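If you read the protein sequences in the order shown, they are chains A and B. First residue of the first sequence? That's 1 in our numbering, and the numbers climb one at a time after it. First residue of the second sequence? That's 318 in our numbering, and the numbers climb one at a time after it.
FYI, nobody ran anything at the bench for these hints, they're computed from the structure. Since the structure is predicted, the reported quantities are computational estimates derived from the model, not experimental observations. Idealized CB from N, CA, C, for every residue including glycine. Errors might be hidden in some of the hints.
To be verified - Facing chain B, from chain A, some residues (calculated, C-beta under 7 Å):
1. Thr57
2. Gly61
3. Lys79
4. Glu80
5. Tyr84
6. Pro86
7. His88
8. Phe103
9. Leu107
10. Leu110
11. Ile114
12. Lys231
So the chains spell out like this:
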Amino acid sequence: MDDKRVVIKTQGLTKKYKDLIAVNNLDLEIYEGEIFGLLGPNGAGKTTTILMLLGLTEPTGGFAQINGLDTIKETIRVKETVGYLPDHVGFYDDMTGRENLRFIGRLNGLEKNIEDRIDNLLERVKLTNVGDKKVGTYSRGMKQRLGIADTLMKDPKVIILDEPTLGLDPEGINDMLGLIVELARKDKRTVLISSHLLHQVQKICDRVGIFVGGELLAIGPIDTLGEKVFKDHDLTLELSVSPVDDKLISLIRSINDDVKIRTDESKIFVDSKEDIRKELTKVLCDNDYKLLFLKQSGRDLDDIYSQYFCAKEGVKK
Amino acid sequence: MKSKCLWVLYKKEMADHLKSRRFFIILMLVVITGFSAIYAAAYGISSAVEQENNSFVFLRLFTTSGSSIPSFVAFISFLGPLVGLSLGFDSINGEVNRGSLSRLLAQPIPRDTVINGKFLAGVSVITLMMLSMGLAIGGLGIIMIGIPPTSDEILRILAFLIFSIFYISLWLAISQLFSLLLRQTATSALACIAVWLFLSVFIGLLSGVIADVLYPADKVETVEAVLRNSKTELMINRISPSTVYNEAVITMLNPGVRTLGFITQDQLVGAIPGTLPFFQSLLLTWPHLVSLIAATMICFAVSYVYFMKQEVRM
Ligand SMILES: Nc1ncnc2c1ncn2[C@@H]1O[C@H](COP(=O)(O)OP(=O)(O)OP(=O)(O)O)[C@@H](O)[C@H]1O
Ligand SMILES: [Mg+2]
């Protein structure tokens, strides 16, 4: 597994808009056959990064390569193998879904088996029965699915999806994610997804990059990310014990002198540098306290979410 | 590969134009006004033909204005731009607003193919429109006047049609440029109309004023002053493609026109009244054709420079 081939590679990739740095010195490697999630809140620079990967905008500094081809200098060859689903994908409303796909297929030089491919793809995204209706009559979710079919028309080895779950209901999101997993696992394509839906999208990703304010904060498999991002932060233990008395507090302190303890009506919060769960449960058990609830937070997905994703949203509201 | 992409884009754009309601409306406008102009002209001419034995009657179909209706040439010179503008004012920003441009440019096609395909489709539609109108007018003319056109006349009419195609295509290029530079289709439509009104109406009013300011001719009425004043006015007018087009097609359709611009009485002395052969007329209007094409190329050059590096977010 170590000699995985790098498919998408960026080095020092930077994009400045006047005085705003949308993407700052991004180094990224995405391997063949993996699903990579570029996750970040609104305005993080995800779309900007993707545009540079497709040569749709020029980097201010650094470079990006796909399959070893520079995305600006050899943009046409790059586009032969990369399928791209823009956020807010739009179609020609007065053409049918089938006609839209046919048009894109022809632009990719498809001739002979183009109709078969269209039929296949329409079936795959469950649009067979509306394939001959004008796209103007499609719902948001249908357009999004047609978008997936559209990116697959050229049979790309690499697929870049910008917010593919945008505007979908929970069921739609699940369907879409299932489809994306299939693209990577069954068809062996490399997939890059950008999204601000950390919780939904991380489930299907092999690796994710947490991208905030143009910077890549952490990168790796999702379960190790919390540790990486918050290695200097305290852990918070949230517990509810019966009964609550002074002895309990001193017992907790006896485990580790360095902890901060707060209490409210029903819960006790313990901030500590290290994980004290093991010792704590043992001490409580030995002293006949009943442990009703125990939850450790501070270095997991929820914390990444609340720290980086909600904070931003909060500012906007 | 590149030419195949161009062909695919071209076909789609052609279909879009021919199916669009907007094009139908503009076409109707041009056809109805055009034919009423021809009809009025033919009506006047057919009564005149019996009295005087005049050559180039057929050409006069295009240039004669009826009692209350301007000539066909005047109509094309005024409404032609509207055809060009209506074909192009939303060609790029319309795609941006629909969100289909980034999808299009994610395909392995050079960006200039998109502009070229759209422009060529527009030009084809214009050509189709002008040629079929030319044919229809030819038929109508023969029926109404009763004299078939001579071969010289046919050549001149063809030249007129080609001039018209280039003229309208220039306006198409202008509107396509606006569709690139301006984000909103409504804004670019407005900008197109503003440029059109300015170049076909206001410049005529302005040029006189500017010429009078630069070379006042009302006090000292020397020949020179008057001449200089008029020349300035003409030069300013020639900024407008409409003026260039008008001069060219009048020369083409009226073999009696032997020079453009001004001649003094002295220069006229010894000149024998007569008509120019077709190739002489063509020679006279050659600069006009070249300048129409050059203006189109400038619009294209600006479009290329702007579009090739532009960020495509939608
Ligand atoms: N053309 C532009 N000119 C100036 N600033 C821009 C331009 N395009 C984007 N930006 C800025 O760049 C930053 C990154 O934008 P980008 O669209 O990449 O964010 P994003 O991560 O895709 O966000 P979202 O989740 O909302 O799609 C934003 O702060 C945005 O305001
Ligand atoms: Mg985005």
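Taking the earlier hints as the rules, which of them does this structure contradict? 2, 10, 11, 12
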